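Student: Using the sequences and the hints given, assemble the complete structure.
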Amino acid sequence: AQSVAQPEDQVNVAEGNPLTVKCTYSVSGNPYLFWYVQYPNRGLQFLLKYITGDNLVKGSYGFEAEFNKSQTSFHLKKPSALVSDSALYFCAVRDWTGANNLFFGTGTRLTVIP
Amino acid sequence: SAVISQKPSRDICQRGTSLTIQCQVDSQVTMMFWYRQQPGQSLTLIATANQGSEATYESGFVIDKFPISRPNLTFSTLTVSNMSPEDSSIYLCSVGTGGSPGEQFFGPGTRLTVL
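One line per chain: the protein sequences are P and R, in this order.
The first sequence finishes on residue 114 if you use this note's numbering, and the numbering steps up by one all the way, no holes.
The second sequence finishes on residue 115 if you use this note's numbering, and the numbering steps up by one all the way, no holes.
By construction, these hints were calculated from the structure, which means they are not laboratory data.
Errors might be hidden in some of the hints.
Quick list of in silico lysine to aspartate or glutamate cross-link-like pairs, EDC-like style, CA-CA up to 20 Å [unchecked claim]: (1) P:K77 with P:E8; (2) P:K58 with R:E103; (3) P:K49 with P:E64; (4) P:K49 with R:E103; (5) P:K22 with P:E66; (6) P:K77 with P:E15.
Examples of chain P residues toward chain R, derived with CB under 7 Å [unchecked claim]: (7) V11; (8) K49; (9) T52; (10) G53; (11) N101; (12) F104.
Quick caveat: nothing in here was measured; it's all calculated off a predicted structure.
Cβ atoms here follow ideal geometry from the backbone N, Cα and C, with glycine treated the same way.
Tutor: Shown next as structure tokens:
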């Protein structure tokens with residue numbers, strides 16, 4: 001069975017500092033991993049994905065994520081946080097078999113402090 | 001990518017009534033999904049809406065409570081039946097475009113409050 005863990009409900013970071021939002025996963029076989037962002041009163045927006053290939057994946061708005069198979073992690077990172085990055089971030093996973101449905105983590109609320 | 005709209009964007013309903021939520025996509029898609037996001041919680045998949053066949057429901061969700069229609073490749077509806085306050089959630093429609101394994105695009109959601 002697939003599962004995703006986001007160990008931090010809340011992450012606070014000062015504007016201009018690097019940010020990390022953590023995600024670990026459990027899946028049978030090779031994972032497909034995703035990050036989505038949800039701004040207030042808006043739907044989920046796709047940020048980036050890992051399917052195969054380079055472990056460092058670059059996505060929208062300057063975000064990137066590093067796939068680490070040995071640690072079963074897919075942490076979201078950004079070198080320099082903006083106040084506008086403040087939002088709710090969801091990690092999601094599916095395995096390489098079966099339907100396209102995604103399993104989501106519980107979300108991490110990122111607050112970037114001016 | 002796909003542009004997805006949902007109607008209504010929000011509603012306040014009385015206990016025991018039903019609400020039908022519409023999801024419209026600007027292109028033909030094979031797979032459509034319905035999720036629920038309860039207050040302060042993550043997304044939970046309700047069902048996968050298949051065109052031309054019955055929807056596939058996840059554990060804990062049943063057709064009598066959440067009937068789904070998928071009459072064509074651009075449209076789906078989710079009905080929340082016999083509502084109770086516990087059904088107060090955001091309901092999200094998403095589509096899988098098939099171009100990328102598992103990548104989904106989400107509608108803006110329908111915020112439902114049941115009194």
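Student: Run every hint past the structure and note whether it holds.
Tutor: Checked hints:
1. Only pairs whose Cα atoms come within 20 Å are accepted, and K77 of chain P paired with E8 of chain P is accepted, the gap being roughly 14 Å.
2. Taking the CA atoms of K58 of chain P and E103 of chain R, the gap is near 15 Å; set against the 20 Å cutoff, the hint holds.
3. Proposed proximity of K49 of chain P and E64 of chain P is supported: the alpha carbons are some 9 Å apart, at most 20 Å.
4. Annotation: proposed proximity of K49 of chain P to E103 of chain R holds, straight-line Cα distance about 8 Å (limit 20 Å).
5. Restraint check: the Cα-Cα separation between K22 of chain P and E66 of chain P comes to about 10 Å, which is no more than 20 Å; the hinted pair holds.
6. In summary, the hint linking K77 of chain P to E15 of chain P is supported, as the alpha carbons are separated by about 14 Å, within the 20 Å threshold.
7. About 16 Å separates the beta-carbon of V11 of chain P from the nearest beta-carbon of chain R, more than 7 Å, and the hint is not met.
8. About 6 Å separates the beta-carbon of K49 of chain P from the nearest beta-carbon of chain R, less than 7 Å, and the hint is met.
9. Taking 7 Å as the C-beta cut-off, the interface hint given for T52 of chain P is violated, the closest approach to chain R being about 9 Å.
10. Nearest Cβ of chain R to the Cβ of G53 of chain P: about 13 Å, over the 7 Å cut. The hint is violated.
11. At about 5 Å, the closest approach between the beta carbon of N101 of chain P and any beta carbon in chain R falls short of 7 Å, and the interface hint on this residue holds.
12. Below 7 Å, beta-carbon pairs count as interface contacts, and F104 of chain P has one with chain R at about 4 Å; its hint therefore holds.
Figure legend: structure checked against the earlier numbered hints; hints not met, in rising order: 7, 9 and 10.
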